[in-house]
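Engineer: What follows is the residue order along each chain.
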Amino acid sequence: MRVGYYPGCSLHGTARELDESLRAVAPPLGLELVEVNDWSCCGATSAHATSHLLSVALPARNLALAEEQGHDQLLAPCAACYNRLASARHAVACDAALAETIEDVLGRPFPSTVAPRNLVEVLRARLDLLRERAVRPLTGLKVACYYGCLLVRPSEVCSFDDPEDPVSMEEVVTATGATPVAWRRRLDCCGGAFSVARTGSVVRLSRAILDDARSAGADAIAVACPMCHSNLDFRQKALVRRGEAELPVLYLSELVGLALGLDAETLGLGRHFVDTKALVERALASKPGPAAKPGPRPSAPAAAAKPASPAAAGTEAV
Amino acid sequence: MNATLDKTSFEPRLTAFVCNWCTYTGADLAGTSRLQMDANVRIVRLPCTGRIDPLFIVKAFERGADGVIVSGCHPADCHYTSGNYHARRRFAFFKELIEFLGLPEGRITFSWVSASEGQKWREVVNDATARVRALGPFSGYPGTELPAWPAAGAPAPNPAPGGGGER
Amino acid sequence: MARIGVFVCHCGENIGRTVDCARVAGEIGKLPGVVHSVDYKYMCSDPGQALIKQAIAEKGLTGVVVSACSPHMHERTFRRAAGGAGLNPFLCEMANIREHCSWIHEDREAATDKAIDLARVIVEKVKRNVPLETIRIPVEKRALVIGGGIAGIQAALDLADGGAEVVLVEKEPSIGGHMSQLSETFPTLDCSQCILTPRMVEVYQHPRIRLMAYCEVDAVEGYIGNFKVTIRQKARSVDETKCNGCGACQKACVVKNVPSEFDERLGKRTAIYVPFPQAVPNIPVIDREHCAYFKGRARGMKKDACGKCKEACARGAIDFAQEDRFVTEKVGAIVVATGYELYSIGKDQPAAGLKGYGEYGYGTVPDVIDGLQFERLASASGPTAGKLLRPSDGKVPKKIVFLQCVGSRDPAKGIDYCSKVCCMYVAKHTMLYRHKVHDGEATVFYMDVRAAGKGYDEFTRRAVEEDGAVYVRGRVSRVYRDGDVVKVLGFDTLNGTPVEIDADMVVLATAMRPRKGIEKLAQTLSVSYDRHGFINEAHPKLRPVETNTAGVFVAGACQAPRDIPDSVAMASAAAAKVLGLFSNEMLEREPTVARVDAALCAGCFHCERVCPYGAVEHKEVRDRKGNLLKVVADVNPGVCQGCGTCQATCPSKSVELMGFTDEQIYAEVNALAL
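Residue numbers (our numbering), protein chains in the order written: chain V, 1 to 318; chain W, 1 to 167; chain Y, 1 to 674.
It is possible that some hints are incorrect.
Covered stretches of chain Y, going by a simulated chain W footprint (3 or more residues, C-beta under 8 Å) [what the hints assert, rightly or not]: (1) 137-150; (2) 249-258; (3) 310-322; (4) 522-530; (5) 639-653.
Derived by calculation from the structure, the hints in this document are not laboratory data. No residue lacks a Cβ here, since even glycine has one placed at the ideal position from N, Cα and C.
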């Protein structure tokens, strides 16, 4: 399937491994990513704090370009980009006057026919292919799925999953053969763009997330947002206390790539600050079995995430 | 919102055939709620959509209506249990006659509006009016010459809509 | 030649503000056949009606058109006025220039033009009206009450005390409904069972009430005064005539771990059971899904897997072979009182458009319960015998967090209405809790406290001021188990601070929803319901217990969320309405019925196939010698409800709906073309 691809600035910078892993997993999952020609910044973090018009016009421009280039959906792997694109589309749909202004500003029609899609949504739509082609199921790997704040909220904008109790990331992780753990901070904020301005807050928030994932018994955290990744991975040295082990933070696409049998380098796993080598070796050691059996699908996280031992009972409610 | 915004624009005339229990009451509710809407629609009240003979619609156009609305209770919500199902089936057949008559489909609006849907009635009225306004005045049935009579053995077209075959 | 009188009403300012009523009267006065056309401030007033009577007398009118409000509002008024002056009432009709014109348009010219059109249409119709006689039908003076909760009980008792025969149908094995599950009731803290059980017994013993528990309404035919109701008597597997309710069978039953519905799954029951000790009737029922005998049968065992209850019963009342039976009852009126159920909190939702709160841990954390479960924990007849113990480990909870508005007032979850009773019962719960656990801390998360009602606000104040409940204004984002405690993460919106509470137990005040299956029942009864499934009343203010189907009334929480006083008041109101109906020997019905012209009818009987009421009969037409000429359709006017589907279907147009004939409708359509 042909999908418009909007990498956004972070995928060309700090989150290159997201770009690389996504491009690597696309062909086996039957996706053709077509990068939108002449895309520009989505305006995340700065535009909507300074100008409402700009914060709508910038994403609208990219959506309009995608539309002109013949796409009906646009994959924005960065959660912030996705949120901006979806919010702009929502704002225009709710405000006819704004819609007119936006067309004036863009100097091109903006029929808003292109649906923004996020990383989780696109991967979840391909679970059958993923199950079929997961030649190296990540059996035994316990993963804490971290949604962050931008992916599923606000609910009227990002309506692909339940805003308070989403399941889609867990479904993807289950399809890779790994086991999603039940934990509670999966929707909390990591501190996001305050990484530089108020590092203290980010450390406090991200540490709580890390601690919770660890106490739930996770071997790794899966994310779908470059900002979350940056706060949890790049900053993790500042988060862990003395003697604590570090916890690898992987993009969902990287986990999927591992399950599909792609090698670590292709997936950009060498670019992480927290060493992923041990985890990759573990994945490689897992039996390159036949493609996952088309068994009953353990879709709901509640079912998949029964506390493994009584010791983990403290985390059963999510 | 108002029908006479622009004196030069064409103001269509629409006839609405509605059932007494759902849509008529829904239109009453729109009134009670003071929902402003286009003034182009004239309602003819019937007990049930099941009472609506497709020929009423044909007659309305013949007598100068530019558009027609047919509206009744939602499926499964008919005051008379099943009148709207008969109407729905009847109008499915009637669509073939509409094409034969050369009526653009946009001139006829079928909808379900319940007694509690005053807001929806306003939307139906405004949408139908806007659509018919864009289509312009209705000027008789065009192309009324008959198509070639089917060859012997082929089933003859049934010229009487709503005539039988109800079930 | 028609002599039509037209009366254009200003309705004070309601019509006059946007419609030039004088111009309407003037224009309509020019129509052929209109001999009298005037406008007046209030046509429905006494002087207004006198104008009509006077004109009929003086001008010899043959038809009257009142251009005013909706016929649903005043058609009866004006027809009565016309009838009072000697004109057949069905020669009087209304043109709706208020709801359909003056109230929905601002432009005076356009509105006046439209009003003229609407009046002209009706004038042309009335010219073709013919005198009709109202149809008189006898009334069956028995009532059916559906639902044996407090609303149904009250309605049944009021009806029976008023002299009417009552059939009370309850689908559960016992009457009592949700009220029998409650521990105490607000705002008086009366013991719920103490005030309810005497009424239940009264129902059982009343000579004019036929109690049909463990039964369901299967089909309804007929119309006001003459309903025929088919009732399914579900197989109890116990012969009601033999059982004396000794309880030996329950003691003997080997299956003892079925989650009790009455205890909201917090307690256990046997497979043969009465739901609760005070049940009425006190006759057990075998739950075939869990019974060892029936499970054995289902597995194809030839030998009986069990039969302990049968052995234990001294009266031989156990009847494994019993099957569902169908009973037909003739009634003149029906009261619907099917009550409510709680919104389901988890992911699984009974209807599209509803969403749950997965983040509250209900169903996975045992100490997160709903309001009805708390009632059972607090009730002396409950699984803990009235001791407040939490479900997970039986410890006394020292800290309980109550969450209001779980589901209610949350459009994102599909329920935008207020459930009305939760503010009150949560306040009651905090008090019951404090009365049982003196050092307990109760925290309530609320959006608003809505305590409108006699003694209600005082009651919620008492919870705070005397019983020390802490009210936090705000919502809770997450509830999860953390070791021994249930963590509650919320936000205090008045202080603007996050709140984290280590609770021992969490009680969710979930929204009230109509009973599952209400849509099917509503369709069986031909009454309308809103998008949530609540039964629609005929008018939200003036006809609160009637439905849009004549003869069907509504009481209690199946119409909207209701507390006990409201439900009882509605039930009494519905009973009064039914008794009013039964005070007539005969009922008058509008003569809007179909008539067949036997000369034209070819006897194809398409009309018979489309008639929803089976009103079309076969009639033989014979010549003078008695030779059969043909068989034609004939409409029974007592059964016909006047939908007119037959007429639109008839190929030869030989059946006509009185009041809506083809001639009349074509005249209306033609009148629009002028």
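Engineer: Are the hints correct? Go through all of them and say.
Structural biologist: These are the hints, each one checked on the structure:
1. With a cut-off of 8 Å between beta carbons, the region 137-150 of chain Y has 0 residues touching chain W; three or more are needed, and the interface restraint is violated.
2. Note: the region 249-258 of chain Y has 0 residues with beta-carbon separation from chain W under 8 Å; the three-residue rule is not met and the coverage is violated.
3. Here's how the region 310-322 of chain Y fares: 0 of its residues keep a CB closer than 8 Å to some CB of chain W, so the rule of at least three is not met and the hint is violated.
4. For the region 522-530 of chain Y, the stated coverage by chain W holds: 4 residues have a C-beta nearer than 8 Å to a C-beta of that chain, and at least 3 were required.
5. Given a C-beta distance limit of less than 8 Å, the hint that chain W covers the region 639-653 of chain Y holds, as 9 residues qualify and 3 suffice.
The structure fails hints 1, 2 and 3 (numbered hints given earlier, in ascending order).
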